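**Q** Listed below, chain by chain, are the residues.
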Amino acid sequence: MKTKLLAAGLATIAIPALAETPVLTVLTYDSFISEWGPGPAIETAFEATCTCDLRFVGAGDGAALLARVQLEGDASDADVVLGLDTGLTAAATATGLFAPHGVVATTDLPVEFSDPLFVPFDWGWFAFVYDKTRLATPPTSFADLAASDLKIIIQDPRSSTPGLGLLLWVKAAHGDQAAEIWAGLADNIVTVTPGWSEAYGLFLEGEADMVLSYTTSPAYHLIAESDDSKAAALFDEGHYLQIEVAGKLAATDQPALADQFLAFMLSDGFQSVIPQTNWMYPAKTPSTGLPDGFDAFRPAKSLLMPPAEAAAARDGALAEWQTALVR
Amino acid sequence: MADSARPLNRVALVPAALLLALVAVPLVAVASRATGFALAPADWAAVRFSIFQALLSAIFSTLLAIPVARALARRRFAGRGALITLMGAPFLLPAIVAVLGLLAVFGRSGMMNDFGAMAGLPQVSIYGLHGVVLAHVFLNMPLAVRMILQGWQAIPTERFRLAASLGFGPAEVARHLERPMLRSVLPGAALVIFVICLTSFAVVLTLGGGPRATTVELAIYQAVRFDFDLGRAALLALVQFAICAAAAGLAWAVVRPAGFGAGLDRQMALGAPRGWRQVVDVGVIGAAALFLLVPLAAVILRGVPGLFDLPTSVLGASLRSIAVAAISTCITVSMALVMAVAVASRARGAAIIEAAAVVPLAASGLVLGTGLFLIVHPFASPTSLALPVTVLVNTALSLPYVYRLLLPEARALAADYGRLADSLGLQGFARWRWLVLPRLARPLGFGAGIAAALSMGDLGVIALFAGESQATLPLLVQQLMGSYRMEAAAAAALLLVTLSFALFWICDWGGRRAAA
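Here the protein sequences come in this chain order: A and B.
No gaps in the numbering here: position 56 of the first sequence is 56 in the working numbering, and each next residue is one more.
No gaps in the numbering here: position 154 of the second sequence is 154 in the working numbering, and each next residue is one more.
Calculated directly from the structure, the hints in this document are not laboratory data.
Predicted, not measured: the structure shown is a model, and the values here were computed from it.
A virtual CB, placed ideally from N, CA and C, is assigned to each residue, including glycine.
Be aware that one or more of the hints could be misleading.
[Stated by the list, open to error] Only some residues are given here: those of chain A computed to face chain B with a beta carbon under 7 Å:
1) Ser-31
2) Thr-44
3) Gln-70
4) Pro-194
5) Gly-201
6) Tyr-220
7) Leu-222
8) Ile-223
[Stated by the list, open to error] What the simulated footprint calls covered on chain A by chain B, stretch by stretch (three residues with Cβ under 8 Å from a Cβ of chain B suffice, anywhere in the stretch; the number is not a length):
9) 167-177
10) 286-296
[As the list claims (entries may be wrong)] Sample of chain A residues lacking proximity to chain B, with all beta carbon distances greater than 10 Å (derived):
11) Glu-72
12) Gly-96
13) Ser-159
14) Ser-197
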């Protein structure tokens with residue numbers, strides 16, 4: 001009863017505000033809206049063009065985002081969901097909660113990407129990051145890594161998106177041999193963490209020689225800390241892509257504004273903020289170009305399973321991974 | 001006694017019912033959205049591993065705590081009070097901060113391996129079951145030490161004097177005084193630690209070394225986040241409750257009230273045994289202090305460099321965390337006190353109250369958060385209720401600790417003074433003012449400290465609810481870590497630990513002062 005009263009009270013406060021300027025609510029992951037993330041600058045830039053109020057709502061990390069959308073269902077207050085990745089778009093499509101976006105724009109992704117429901121806003125290659133001062137000759141393939149006695153830290157594919165990305169990377173690169181690759185890697189893996197931040201933190205503390213992260217991670221240390229000791233190992237089989245996307249919810253009460261936001265997403269006002277706040281490649285390179293360090297580690301070959309294929313491969317790949325690592 | 005028990009009984013059932021509802025209703029909300037109920041085959045392996053590691057953690061934490069608590073109880077030395085307070089600090093650390101502190105000592109490039117390398121020893125890895133248990137002992141032994149130490153201090157000094165005048169040696173003292181006390185305290189302590197470790201998530205995964213160390217909580221994560229299988233999540237949460245209920249039943253079957261009777265409350269320095277026993281006590285206190293304080297020092301050292309470039313949002317986050325902690329502590333302590341006193345007076349319905357005070361420990365944070373989200377969402381924006389919901393959940397999650405701390409002393413109070421108070425007609429407000437509150441001031445202060453610190457450090461459900469500007473300090477630490485800012489995260493974690501410890505110290509000190 002108290003909740004209802006409170007809700008009624010809040011609704012009365014909210015109504016006059018609604019009448020003045022339209023509100024566009026964007027559901028995204030927490031680090032996007034933190035004060036050092038892309039959120040604040042993007043909010044200012046978009047509000048300058050739309051005469052609207054852009055509100056970001058955080059929903060934990062990337063993996064929690066889709067669950068949140070499903071929990072809210074049709075009753076969601078959100079208009080746009082920003083931050084799903086290509087490992088999750090098949091499941092997101094299957095919910096039937098997203099509407100076609102109609103954005104036609106060219107992007108600078110290293111692979112062809114077009115999806116009727118989702119617009120990409122940034123992307124990165126998964127890679128093992130190491131410290132050049134401690135490791136002179138990094139491995140050049142998964143087989144090379146498995147044969148070495150290097151210690152690595154990875155993330156759990158059951159709780160984090162990079163962990164799932166690695167699973168799909170090995171599967172896309174090695175297909176039927178994926179299980180053997182994992183068996184070979186088993187003695188290199190120091191531990192498997194629940195999320196990216198624990199793994200990266202452990203690596204920086206010197207707990208492993210390499211950590212699963214992104215090719216752009218060294219650029220963070222270079223730009224933010226003037227530290228050029230970190231590097232990403234380039235693998236011959238190519239690197240798996242993570243493409244982060246946004247989509248419009250079918251139940252939105254601001255469809256036009258949502259479309260406007262998705263189109264704005266690929267403009268300079270949004271894209272120029274991405275590299276040094278989200279530390280990923282912008283989906284469309286802004287006119288100002290990329291900051292230093294973003295060209296340092298560019299794999300020759302990019303791997304990406306189509307969303308439906310990735311979703312179909314997941315359970316089998318997970319079982320292989322578990323069998324290989326439970327010794 | 002019956003006269004005083006009955007009204008109290010009815011009052012105490014209210015918080016108990018609220019607690020049970022807070023745990024059960026979200027579970028039902030999650031289950032109501034399920035499309036089917038089935039466990040995956042791997043889930044049973046997760047259940048087995050969860051129980052096994054929690055059992056080992058509880059056994060080691062409590063057994064290792066006994067000699068430490070005994071040494072602290074019978075020795076007097078300069079800085080003893082400060083050491084006891086400080087040794088409680090690891091219990092207040094957020095899991096990932098504790099893990100990083102432990103790794104500075106036991107990690108691959110930690111101090112132990114550096115010393116080992118100098119001595120030509122092979123590298124020792126902390127990752128695996130032993131690392132999980134080590135971390136759980138580090139986090140929970142402080143709680144066990146404090147609970148057992150309270151037990152020791154609750155034995156009236158007169159009993160020790162009687163033992164001395166009867167010519168009891170250490171063996172007889174152990175048999176007639178210490179073992180009965182342990183039997184009344186240990187099962188509760190072990191139960192609480194078992195259940196905490198059962199639902200432990202980040203520690204087990206990070207130090208577990210791989211999918212061998214899969215817990216029920218991870219399976220719940222997977223079910224909610226990647227499979228959106230709410231039926232499986234609800235079922236797994238139910239399994240956790242079942243394990244908790246079984247453990248609680250076992251603990252109740254073993255526990256026996258010690259029945260020492262009342263003393264004259266005179267604290268006296270007793271002649272503690274000399275000779276080799278003194279050497280052992282010094283060694284035990286020294287070893288425990290090293291084990292608990294060196295990783296803590298590592299946390300402090302890691303945090304100091306980043307203190308000056310913390311983001312400005314740290315101030316708001318700190319104030320929000322303190323406000324949440326203060327409010328939930330007041331509610332928690334009041335509820336726990338009413339419940340413990342009612343159970344101690346053996347009022348009818350005591351079993352329900354006992355159950356309500358343990359069950360929240362076994363609640364899966366993710367299921368609780370998801371359920372509350374489902375309940376709140378149709379009526380109000382979850383973001384607007386982030387802080388009230390956090391207060392509510394923190395209250396439910398910290399109450400079991402406070403209740404456990406209060407119960408043994410509330411029982412002793414009822415046994416020692418209940419009849420006297422009844423015969424004097426000391427009832428209602430006067431009974432609380434002149435008997436219950438003064439007699440229970442020490443455990444109340446300690447319990448309030450634990451509740452405040454837990455509310456500060458607990459991430460709980462805030463991540464599901466918080467919007468743009470409602471981050472609490474633990475959430476801020478997580479966000480900083482999630483965007484490469486490890487130095488700032490370490491500094492924010494240090495701030496969090498310092499504030500938690502300060503709140504804990506204020507409450508604990510206040511309680512001891514009021515008792516003295």
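**Q** Each of the hints needs a verdict: does it hold here or not?
**A** Status of each hint after checking the structure:
1. Because the beta carbon of Ser-31(A) sits about 5 Å from the nearest beta carbon in chain B, less than 7 Å, this interface hint is met.
2. About 14 Å separates the beta-carbon of Thr-44(A) from the nearest beta-carbon of chain B, more than 7 Å, and the hint is not met.
3. The restraint placing Gln-70(A) at the interface with chain B holds, with a minimum CB-CB distance near 5 Å, inside the 7 Å limit.
4. Interface hint status for Pro-194(A): upheld, as the beta-carbon distance to the closest one in chain B is roughly 4 Å, under 7 Å.
5. This hint holds: Gly-201(A) has a C-beta 5 Å from the nearest C-beta of chain B, less than the 7 Å allowed.
6. For Tyr-220(A), the suggested interface contact is upheld, since its CB lies about 5 Å from the closest CB of chain B, less than 7 Å.
7. Because the smallest distance between the Cβ of Leu-222(A) and any Cβ of chain B comes to about 12 Å, over 7 Å, the interface hint for this residue is violated.
8. The interface hint given for Ile-223(A) is violated, since its Cβ lies 10 Å from the closest Cβ of chain B, which is over the 7 Å cut-off.
9. Coverage of the region 167-177 of chain A by chain B is violated. Counting CB-CB distances below 8 Å, 0 residues qualify, and the rule asks for three or more.
10. With 0 residues having a beta carbon nearer than 8 Å to a beta carbon of chain B, the region 286-296 of chain A misses the requirement of three or more and the stated coverage is violated.
11. The Cβ of Glu-72(A) does not lie farther than 10 Å from every Cβ of chain B; its closest approach is about 6 Å, which violates its non-interface assignment.
12. Non-interface status of Gly-96(A) relative to chain B is upheld: no Cβ of that chain comes within 10 Å, the nearest being about 13 Å off.
13. At roughly 5 Å, the least C-beta separation between Ser-159(A) and chain B is not larger than 10 Å, which violates its mark as non-interface.
14. Once the 10 Å rule is applied to beta carbons, Ser-197(A) is inconsistent with being away from chain B; the minimum gap is 4 Å.
Checked against the numbered hints above, the structure violates hints 2, 7, 8, 9, 10, 11, 13, 14; every other hint is satisfied.
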